[in-house]
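Assembling the complex is the task here: the two chains are given apart, and the hints tell you how they should meet.
Chains as they are written, first to last, in the working numbering: chain B, 1 to 299; chain D, 300 to 568.
Derived from the structure by calculation, the hints contain no laboratory data.
Glycine residues also receive a C-beta, built at the ideal position from the N, C-alpha and C atoms.
A few of these clues could be false.
Chain D stretches covered by chain B per the calculated footprint, using a threshold of three residues with CB under 8 Å from any CB of chain B [claimed, not checked]: (1) 412-424; (2) 463-472; (3) 517-528.
Computed far set for chain D versus chain B, every beta-carbon distance over 10 Å [to be verified]: (4) G308; (5) R311; (6) G353; (7) K364; (8) P377; (9) D379; (10) W382; (11) S431; (12) E432; (13) G439; (14) V446; (15) P455.
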Amino acid sequence: MTAQVLEKIDALDLGLQFDPLVAVNSLSGVRVEDVGQGDAIVVLDETGKGVLRIDYGGVQSSPFNGLKVAARLTRIDLLLPVPVAQTIMLTHWDHDHWASAWPGTAAAEHGRWLVPRQWTSPSAVERSVELANIRCIPPSLETVPCCFVAANGDELWWEKLKAFRPTLHNEDCNRSGVAFSIVQKETGKVIFLPGDAPFHLPIHYKTHASDGLEMRGLVAFHHGAGTHWTKGTRSFLKRWGSKSERQTLVYSAGAVNRDDHPVEKNYREAFPSADFPKLEILYTRDVRGASTPPVEILF
Amino acid sequence: MKLYSGWEGRGRARTEYFCYLEARSRLPGGVALPSDGRAIVGTRWSEENVAHLGFSSIVRQQFLKHTPEILGAEPPRPSDAEWRTDRATRLRQLFRVMPTSRVDLYAASASVAVGALTRELQLGGWFRITLSEAKAIGPGIPVFAMVSDREGEVRPAHVRQVLRVTRDEKRALRQAFSLDHIGDLGSDEPGPEPAPPSPGAPFPLADFKALKPGRIAVVFGGNRVQAATRYEEDIEPIEVEEKDSRFDWDGILNRGLSAPSGTPRPEEA
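Excised from the complex, chain D in its bound form (with noise of 0.2 Å):
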C-alpha cells in the first residue's frame, strides 16, 4: 500500500529502506531542524509545525541478500541455551554485513502527505522508504529525510516513497528482529542471577500461572527481610530486660531502699 509518492527527480541514487517506526511528534515550525548543533535544512523550511517520523532502518537489499544465508540456515529452534546462543552469534555475523542506520522523516504540515503519514504511520509499524541522495533542502519541498549512521553522521535525503511492508516481508522482519535470542530471568541457563534457582523451590516459575494482574505483587528480598527482623528479635528478646529488670528491682527490695513514686509495694502487688 502506497502511503506516499514524492520526489521525482532523476539522476541520483536511490536506496529502499525496510524502516521500523520507533518515534513520533510534532515540531513547532519556523525552526532549523538542527542535528547537535548543525543545521541541515534551512532556516525557512517550513513555516507552519512538522510533522517529524523516526526510524530505526536497513537497507531492503542488504537485508534480502544476506537474512536468508545468515539465519536462513539456522537450526530447528527448540527454544534452548545453545540454540538463543547460535541466534546471538548469527545477528553479530548479520549486522557486521548489514549496518543499521536511522532514518527521520519530516513533513510540512502544508503538505497533504502529512495527514497521510501521520495517520498512517503507527508506532512500531514496518514500512518501505525509498530515498534518493539530496545536496540541500530548501524552501519548497514538503517532505524530506536524513539518514544517520551508527556513528551519528547525517545526510539528507529525498523521499520518493513511502509503502507499507507487505505481511511476508512483515513476517521476515519479525523473525530476524526479535529478542528470541535472550533468555528469561530465572531460566536454567547463565544470566544476571547471582545463583542458579534451587532445585527445591516450591513453585517453578514455569508451572506457577496463577499471578493475576492486579491481585498479586512478587516481592525480591522480602524473606531476606523478613528473616533479618526474626533475628534482630531474637537476638535482643524482651524476656531478658524483663527479667534484668525484675532481677534489679528485687535486689532493690531486697536492700530495703524505698521503691520509685507509684510503685506499689510487694505486698500491694
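Only chain B is shown next, with the shape it has when bound in the complex (with noise of 0.2 Å):
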C-alpha cells in the first residue's frame, strides 16, 4: 500500500457546521443489527449508547417482513431505535441498506440522513421522498477522506468513494458508495466498515495503514459476497489480519438470501483457522430469537 500524508481542514472552515459527535465522549465500537439480508450498523460510545447509524436495511429474512404495518413500525422503532436528530448514514442505495426507514418509523421521521448522491433505483427514490430530513454529501467532499471526532479524539472516518457524475453511464453504486471506520485514539485500533464497497478502494484506508494502526476488526464487505475479489482485497487482508491480536469478522449476510451470502471461503483461506486462533467470526443471522449476545466489535 502506498503511504498517504493527508492535511487537515477544519469542516467549519468549509462552511460546514455538521458536528453529529458534538456531546460524545469516546467510541466504544458498533453493533451489527440483525436485519436479515442487508446492513444496519450502529455506532456506540463508551456507555454503549448508539451516537449515530451507517445503514438501516433489511430485506430478505428480515425480522420486520409479515408484520401488519402499524406492528412492523413498532418493532422496528424498538429493535432499530433512532432518537430524535440522530444522524443516519448511508453507504449507498440498494435496498438492503435502507429498506427498514418505512414511513412512519423513527427513522424517517426524525432521524438526519445523509447520503451520497448516485443513480439510484425507482424504489431507493421512492423511499428518499419519505425521510423527512435529508442531505447529500457534497460535492466538494467527494472522494475527500472526512471524519467526525469526539471529545477524546475519537475518529468516525468515512469517504465517498467516486464522484457523482450526471451522465447517461451506468453506475456501480457499490464501487461510488461511502466507506467507514472508526479508531480508537488511545489504542490505535481500527474497525473497517465498507459497506458493499471492496477493502482496497478507500483512501483513508491506506492512511490507517500508514499511520500504523492496528484491526480490530471488520465488517466483510458486500455481506461476504465474491465480487471484487481482487489482488487488492486479498492484500488487504493480508496487511490486517494479525496472528496474535483478537480480531472480529462479521458477516451481516441474512439465513436465506437470494445472493448465497457469503462466500466464507475467501476468508477461510486469508485467515487460515490454524494460522488465526484469535479471530472471532460472528453471524448476524445467529441472534435472530436465541439468547444469542448481539453482534459488536468492541475495542
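Shown next as C-alpha cells:
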C-alpha cells in the first residue's frame, strides 16, 4: 500500500457546522444489527449508547417481514431505535441498506440522513422522498476522506469513493458509495466498515495503514460476497490480519438470501484458523430469537 | 437491442417493465430458490449454478402515462430549495399511481441465456423486460422471474424478452429517478445541520475547489476538540503547580527542616 499523509482541514473552515459527535466523549465500537439480508450498524459511545447509524437495511429474512403496518413500525422502532436528530449515514442506495426505514418509523420521521448522491433505482427514489430530513454529501467532499471527532479524539471516518457524474453512463453504486472506519485514538485500533465497497478502494484505509494502526475487526464487505474479490482485497486482508491479536470478522448476511452470501471460503483462505486462532467470526443471522448476544465489535 | 427472447406460451397476460439492475450473483445449483422460507420454484429446477439478476422495476406503460403528466408540468429547474420541495411532492404523487416492484430473474447455467444475460447486463443499467404470468416453474424452463410487490408478495413469471432501453428512454428514466430533490449538506435550506452555516465562514463550501483527493481530509469537530484541549490547559496551568510547589519548598526551608535526599541546598543550587 502506498503511504498517504493527509493535510487536515476543519469543516468549519468550509462553512460546514455539521458535528454529529458534538456530545460524544468517546467511541467504544459498533453493533451490527440483525436485519436479515442487509446492513444496519450503530456506532456506540463508551456507555454502549448508539450515537450514529450507518445504513438501515434488511430485506430478505428481515425480522420485520410479514407484519402488519402498525406492528412493523413498532417493532422497527423497538429493535432499531433512532433518537430525535440522530444522524443516519447511508453507504449506498441498494435496497438492503435502507429498506427498514419505512414511512412512519422514527428513522424516517426524525433521523438526520446524510447520503451519497448516486444514480439509483425507482424504489430508492420512492423511499428517499419519505425521509423527512435528508441531505446529500456535497460534491466538494466526494472522494475526500472526512472524519467526525469525539471529545477524546476518537474518530469516525467516512469517504465517498467516487464523484457523482450526471451522464448516461451506468454507475456501480457499490463502488461509488461511502466507506467507513472507526479509530480508537488511545489504542491505535481500527474497525473497518466498508459497506458493499471492496476493501482496497478507500483512501483513508491506506492512511490508517501508514499511520501504523492495528485492526480490531471488520464487517465483511457486501455481506461477504465473492464479487470484487481481487488481488487488492487479498493484500488488504493480509496486511491487517493478526495472528496474535483478538480480531472480529462479521458477516451481515441473512439466513435466507438470493445472493448466496457470504462466500466464507474466501475469508477462510485469507484467515486459516490454524494461523489465526484468536479470530472471532460472528453472523448477524445467529442473533434471531435465541439468547445469543448482539453482534458487536468493541475496542 | 434484444438480449434474450424466451417463453413463447400464449394466453397469459403480459406486462412490460422498466428495470434497473441492482444485484448480480451466482447461486449454487440444486437448491430450491426460496423467499423467506417459501419455495416458489421446484427444487429440481436446476442442478447447476444459477445466475441471479435483481431489478427495481416499474411498469413501462404506467411510466409512459404518468411521468409526463406529473413531472412534465414542473417548472424549469433553478436548483433551489423551492424547486426541490416541488419535485419531492411530484414524486410522491407519481409513486401513488406508479408502484415500484422488484423483479428477480434466474437463469439456469445450461441455458444459452446465461452467458448473454450476465455478460450484457451491467449493474446500474436500465432494461425492458417483458413478463407473463406463470402458475409454476419447474424443470425445462431455462429462465424465469419472480415479481415482488412493495409488501413482499411474490409471483412467479415467465420471461418473454429482455431488451436494452433506448437512449431516449434512459434519459427519461434518469430524469425521473434522480436524487435532484435532495439538497446538499451545507446548502441554504433546512436540513440535518444543527444550525445554519455562519455567514462569516472563511471558505464557503461552494467556493472551495481545492480539496484534492488523496491529499486532504476534512475533520468535523476538530476545532471543538482543540478548543477543549486548550481549555483544559488553561484551567490547569503548570505554572500554578510549580508556584505552589516552590512555595511549599520555601516554607520547608524557612522552617529549617532537612530537604529530601538529593535535593540541592539553596546555596548549592
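To see whether the hints hold, each was checked on the structure:
no. : hint    : result
1   : 412-424 : holds (count 4)
2   : 463-472 : holds (count 3)
3   : 517-528 : holds (count 9)
4   : G308    : 25 Å, holds
5   : R311    : 24 Å, holds
6   : G353    : 7 Å, violated
7   : K364    : 15 Å, holds
8   : P377    : 16 Å, holds
9   : D379    : 15 Å, holds
10  : W382    : 14 Å, holds
11  : S431    : 22 Å, holds
12  : E432    : 21 Å, holds
13  : G439    : 22 Å, holds
14  : V446    : 13 Å, holds
15  : P455    : 14 Å, holds
Checked against the numbered hints above, the structure breaks only hint 6 and satisfies the rest.
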